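Peer 1: As a plain string of letters, each chain reads:
2 protein chains.
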Amino acid sequence: MSILVVGSVAFDGIKTPSGKVDRCLGGSATYFSLAASFFTDVRVVAVVGDDFTAEDEAVMVKRGVDISGLQRAKGKTFFWRGEYGENMNEAKTLSTDLNVFETFNPQIPPQYLDSDYLFLANIDPVLQSSVRKQMSKAQLVGGDTMNYWITGKAAELAETLKGIDVLLINDNEARMLGKTSSLPRAAQKILAHGPRVLVIKHGEYGATAFFKEAGLHPFRAPALPIEEVVDPTGAGDCFAGGFMGYIAGQTELNREVFKRAMFYGGVMGSFAVEQFGTQRFSDLSRGEIDARFELFRELSHLD
Amino acid sequence: MSILVVGSVAFDGIKTPSGKVDRCLGGSATYFSLAASFFTDVRVVAVVGDDFTAEDEAVMVKRGVDISGLQRAKGKTFFWRGEYGENMNEAKTLSTDLNVFETFNPQIPPQYLDSDYLFLANIDPVLQSSVRKQMSKAQLVGGDTMNYWITGKAAELAETLKGIDVLLINDNEARMLGKTSSLPRAAQKILAHGPRVLVIKHGEYGATAFFKEAGLHPFRAPALPIEEVVDPTGAGDCFAGGFMGYIAGQTELNREVFKRAMFYGGVMGSFAVEQFGTQRFSDLSRGEIDARFELFRELSHLD
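Top line first, the protein sequences correspond to chains Z and V. Start counting the first sequence at 15; every next residue gets the next number (the working numbering). Start counting the second sequence at 15; every next residue gets the next number (the working numbering).
Chain Z extracted, bound-state conformation (with noise of 0.2 Å):
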């Protein structure tokens, strides 16, 4: 089956302690775009500027991904610069140019109405809003945002968590958005408004699933203990990739189909953290990514 993605395609500038790039592709719909391309078919709506070349398109195209809903603007591509620290849970944002990013109101394409999934990747929860309301056939929509909406744009974002099945955010953004320290509190507070599953990211800890439906208990992944994270940019995105992508490849979507899916999203991430950029997923296959899977398992399972 066939997933929609609408986000950012960007040029990222990353410093961290393993080395730095200056210019490399990025964005949230790129990096689920990669992450998801493993498992299913992949449309992506989002705008480039007119430095976008025919060699950044191709590290999608490459992977299968279907970008006839790239829209092309006059200006230049979203240039994001950030660094890490020794913390490589938290980038310092150094600069963010938004260029054509700023005036983007994405429009889904008449061939991509039809996406059986859709993933509203991190942006102005307005626009999530809107392309929630033009894809309403999709059977599932995933979503992802983050602190400068919850706090910005709160009411807007109240608004579009209604149209979300499946929330995808880090710990903090769980606290946050749910006005809480505790996790389960916060999920309870989060899943009362909106979402029937909580997804928190816990970084290298993993992440646990929250449920809205009575009586059905959390679930936690495990991450993999990696002794050098090269380049933490777009893990989170390459989780949501892999989990709802995973999904999206099944026939159905059951309880174990779920579980599956927080192991897949957990092995993406890992993969994307072991190199720059979208670098790892240019020669990856679907081979290592399920020995890896087995490995998750084989890290967290008892006999």
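What the hints contain is simulated information worked out from the structure, not anything from laboratory work. Remember, predicted model here, so these are calculated numbers, not experimental data. Some hints could be false.
If several chains are the same, the list does not tell them apart, and a pair holds so long as it fits within one copy or across any two.
Here are the simulated SDA-like pairs of lysine to any residue, each with C-alpha atoms no more than 25 Å apart in a straight line [what the hints assert, rightly or not]:
| id | residue 1 | residue 2 |
| --- | --- | --- |
| 1 | K203 | Q289 |
| 2 | K176 | Q289 |
| 3 | K106 | M190 |
| 4 | K193 | I240 |
| 5 | K226 | L316 |
| 6 | K193 | A105 |
| 7 | K34 | G96 |
Given the structure of chain Z, go ahead and fit chain V onto it with the hints provided.
Peer 2: Just chain V now, kept in the frame of chain Z:
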């Protein structure tokens, strides 16, 4: 089989967002003993003052813990007063009155010398080494330490670590001891200088075991998402008690027993935080423990 723990028996004054207690039984050896007592025979060496009453004794005695090695000294029992804010992973120490603990010199009584297992709870590494020498026949030695000794008695601690098979410490202690923010790298460095196994406790995110033996993957155990952590004091000691106690209660130690011990560690830690002090253990049953063990499995296992 039997396990001996050497550490502190104390009184605590604790304040958390859930409430406060002015004085309750605490100390690393107390928490460890109670948690381990559900799995195996436990013996304690620690020191208490003349304010330690029959009622205090009864907490451990009722759980079948052998306290014939509890030393009595003139003066008051070790008293710790602390407070937790929203971040339950870190206590703010308000006062530490070492009292009789200041001159504690652990002597292992003859009836304890045949203990099969030994746990060196968090005390001065010089005392830990002294106990280790007295217990030369122990077939497996576990140990704990803290930032105070890592920075203040580095050389003595390095010596102690050579006599410890399984070291159980938390994230911050591992980073401090391994001198790197990467936990897998910290683990490598720590394992190179002593223990065969390093268990790093991640609080609400579970725990990871790293092994010195080449080719052995780490193992991750989950923690229970708990809505209201009433009092986190002693959770780490209860993890150690569940972990070591379970191992000591089995006839052989293989990889599967080790993995289950990691789960039982998490289980006992999860009970510890539900009530103030050691209260939760007064009416806990093995049935509840095993039910929670199954919940941990359900929370984290694929079919």
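Peer 1: Looking back at the hints listed earlier, which ones does the structure fail to meet?
Peer 2: 2
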